[in-house]
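Residue numbers (my numbering), protein chains in the order written: chain A, 1 to 251; chain B, 1 to 251; chain C, 1 to 251.
For the record, the hints were derived by calculation from the structure and aren't laboratory data.
Since we're looking at a predicted model, the values are computed, not measured.
Just so you know, even glycine gets a beta-carbon here, dropped at the ideal spot from N, CA and C.
Certain hints may be false.
Among chain A residues calculated to face chain B with C-beta under 10 Å, some are [said to hold, decoys possible]:
| hint | residue |
| --- | --- |
| 1 | VAL119 |
| 2 | ALA122 |
| 3 | GLN168 |
| 4 | MET173 |
| 5 | ASN177 |
| 6 | MET193 |
| 7 | ILE194 |
| 8 | PRO198 |
| 9 | THR205 |
| 10 | GLY212 |
| 11 | GLU226 |
The primary structure of each chain is shown beneath.
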Amino acid sequence: MTDSLMIERSLQGSTLLLTLNRPEKKNALTPAMYSELTSALAGATADFAIRSVVITGSGSAFTAGNDIFDFMNTPPTGESSPVFGFLQALHNFPKPLIAAVHGNAVGIGTTMLLHCDLVFAALDSKFSMPFVSLGLVPEAGSSLLFPRLVGHAKASEIFLTGRSFGAQEALDMGLINQISDDVVKTAMEVAAMIGEQPPTAVTNTKALLKSGHHQAVAMVMEAESELFRIALESDEAKIAFMKFLEKKGAK
Amino acid sequence: MTDSLMIERSLQGSTLLLTLNRPEKKNALTPAMYSELTSALAGATADFAIRSVVITGSGSAFTAGNDIFDFMNTPPTGESSPVFGFLQALHNFPKPLIAAVHGNAVGIGTTMLLHCDLVFAALDSKFSMPFVSLGLVPEAGSSLLFPRLVGHAKASEIFLTGRSFGAQEALDMGLINQISDDVVKTAMEVAAMIGEQPPTAVTNTKALLKSGHHQAVAMVMEAESELFRIALESDEAKIAFMKFLEKKGAK
Amino acid sequence: MTDSLMIERSLQGSTLLLTLNRPEKKNALTPAMYSELTSALAGATADFAIRSVVITGSGSAFTAGNDIFDFMNTPPTGESSPVFGFLQALHNFPKPLIAAVHGNAVGIGTTMLLHCDLVFAALDSKFSMPFVSLGLVPEAGSSLLFPRLVGHAKASEIFLTGRSFGAQEALDMGLINQISDDVVKTAMEVAAMIGEQPPTAVTNTKALLKSGHHQAVAMVMEAESELFRIALESDEAKIAFMKFLEKKGAK
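Looking at chain A on its own, in the form it has when it is part of the complex (with noise of 0.2 Å):
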């Protein structure tokens, strides 16, 4: 399988579901996947025939985030690096932007999900934002998002303890819109209703929404992602990742 596979792409209707397709490393995201994730919402945007996108992953799992050995071998290198540019790709995409998630959601697996505008998860989804944990810092433009969404107390317990939370809280905090059983059908359907609706005033009001923090956003994902780089060369990070493996292997 050449990674050019691992993002599959299927248009029905006017919504592009995009389908995470590595499911024997529950879809752990590497450097090739987030460019072929940025380069299928830019082609999103330009299509007028896509009026939305829907994304979701194969398998057991929506994501485990970015590869843990990527991490260690191909360090994301700031601004240039692959993650950077679907993580701008996301921020900037102007079209409805719609996350089915089920089962493990971690790390930028859940940051993504402030950058989407529906989210609906199933019943299993558990999501998890262990940056601290692994001696790194929230990126995606989290560490704004996530505490205007819950509050600070609540943004300060997930992340500074590192703990995983359901699909219930998730609903509770208005990081989702709905649990569901079947999460790509109900995806797919909200996708083509609001795709049934006038899109310039679609796209005019996704770009109203945002506009009230676009800039602070994209600002804070600079700092956290110079902060991000010179963590992951920290010796704090290396030891974090030690145990980390060390207790994955020990599973």
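Fit chains B and C to the known structure of chain A by using the hints.
Quick look at chains B and C alone, frame taken from chain A:
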């Protein structure tokens, strides 16, 4: 009935009660009504004996929103229009403004609540902001105030699908303070209680509470107003309006 | 008892436990106590062995807030006052700050929680910010932080009516993380857990979480402080204080 009776004013103790009084049209708002509301708020600002204002609707609804025929026949022309004048007055009103809602609160009927200091709603309340479905965009600063209140995912869902929501969901969102059987009575009681508080402390506190985003709201209201004006002239909106009127006629 | 014992310090593992220790006055805060707290936070900042700080109250309450006689006899004089120094220290403290609340948390007893990273509260906790009822205005950045947390309508209700609220409502608001039977034990356990996390990641993450509004909070604290100082000298406040003391004396 002349336009000047369409906003009923009644001073009860230190509280000015404003009643939208066009029940045969479900209190749909006309340019004349906006101007009257603006003038009532200006009067209340200047009158030291008035400590707070309660706004409600007569008949079966709070308000059906902006009259749809007015949108087509006399579209608001940006910042000099009566509706923009009313929104400015609402945004800058220095004393407590309390809404008592029952039945339908459509469009500006819901977005004006984001500027009220307290909101009481009857169980039969039905809130909706169907701007996108009409080919339009959110107004009255709602594109900033609503996502800040409920999070981006929930705000996107409400705006992009155009779906309505009831009193319980509005309470969970924090859009309203309380569900009440007799909203006007409850609102007048709370207004009287606040009227007993030290008045300078009350207005200074309201000003501080708004100061965090007062300027940002003013700016987004201008951006929304411009996009709204352009949208009203678009083919998209014309088609959406026709669909809306056909659906209404078919009932 | 000298003032210097009114803030008890106890180092347990990597956590500094600060106990407000003036139980006979329900831990009402004096200028000397603010100065001690400021100094304790400065010490904790400088000491690498201290990873987090827990703050609690002795006796039956968290704190009755600023001593009301101090307000009248030695009113805070703006930015050079001990209370403003404490608020600055609170706002800038770089390590996790965890509050363990039980009983009454009045005025600054509630507003300081908005600066804490995690808050645990006993079921008997009673939060109140009766600034307006005393002819004063919100302080400690609460006029920005509280509406951002709970929405404008809820914040207006709490501030304008002065009503108190309990632990369950505080939890629903996101003001506290958890209701606990033994708040100090729970707070110390979570502090110890965070103390095991990579320390640079912890402080960088806290800094990122605060960065979104750090400057805005500093600015609003100055505006509040100025309005607060003017209010304290007003006839409105003097009358409100007399009423308050009469009511208290009548009990």
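Self-check item: Hint check: 10 Å Cβ-Cβ cutoff, A:GLN168 to chain B
Solution: Violated - the Cβ of A:GLN168 stays beyond 10 Å from chain B, reaching only about 14 Å at its closest.
Practice problem: Verify the interface restraint on A:THR205: the C-beta must sit less than 10 Å from at least one C-beta of chain B. | Solution: holds, 5 Å
Self-check item: Hint check, A:MET193 versus chain B [nearest Cβ-Cβ separation less than 10 Å]
Solution: For A:MET193, the interface hint holds, since the closest Cβ of chain B sits about 6 Å away, which is under 10 Å.
Exercise. Double-check A:PRO198 for me: the hint is only fine if its C-beta lies closer than 10 Å to a C-beta in chain B.
Key: holds, 4 Å
Exercise. For the hint on A:MET173, just tell me whether its beta-carbon gets within less than 10 Å of chain B.
Key: holds, 8 Å
Quiz item: Against chain B, with CB atoms and a cut of 10 Å, does the hint on A:ASN177 hold up?
Solution: holds, 5 Å
Self-check item: Hint validity - A:ILE194 Cβ closer than 10 Å to any chain B Cβ
Solution: holds, 5 Å
Exercise. Under 10 Å, Cβ to Cβ, is where A:GLY212 needs to be relative to chain B, so tell me if that hint holds or is violated.
Key: Holds, because the Cβ-Cβ distance from A:GLY212 to chain B comes to roughly 4 Å (cut-off 10 Å).
Quiz item: Holds or violated: is the Cβ of A:VAL119 closer than 10 Å to a Cβ in chain B?
Solution: holds, 5 Å
Quiz item: Would the stated hint for A:GLU226 survive a check requiring a Cβ distance to chain B of less than 10 Å?
Solution: Where the cut-off is 10 Å and the nearest Cβ of chain B is about 25 Å from A:GLU226, the hint is violated.
Quiz item: Is the shortest C-beta separation between A:ALA122 and chain B less than 10 Å?
Solution: violated, 16 Å
In summary, the numbered hints that this structure violates are 2, 3 and 11.
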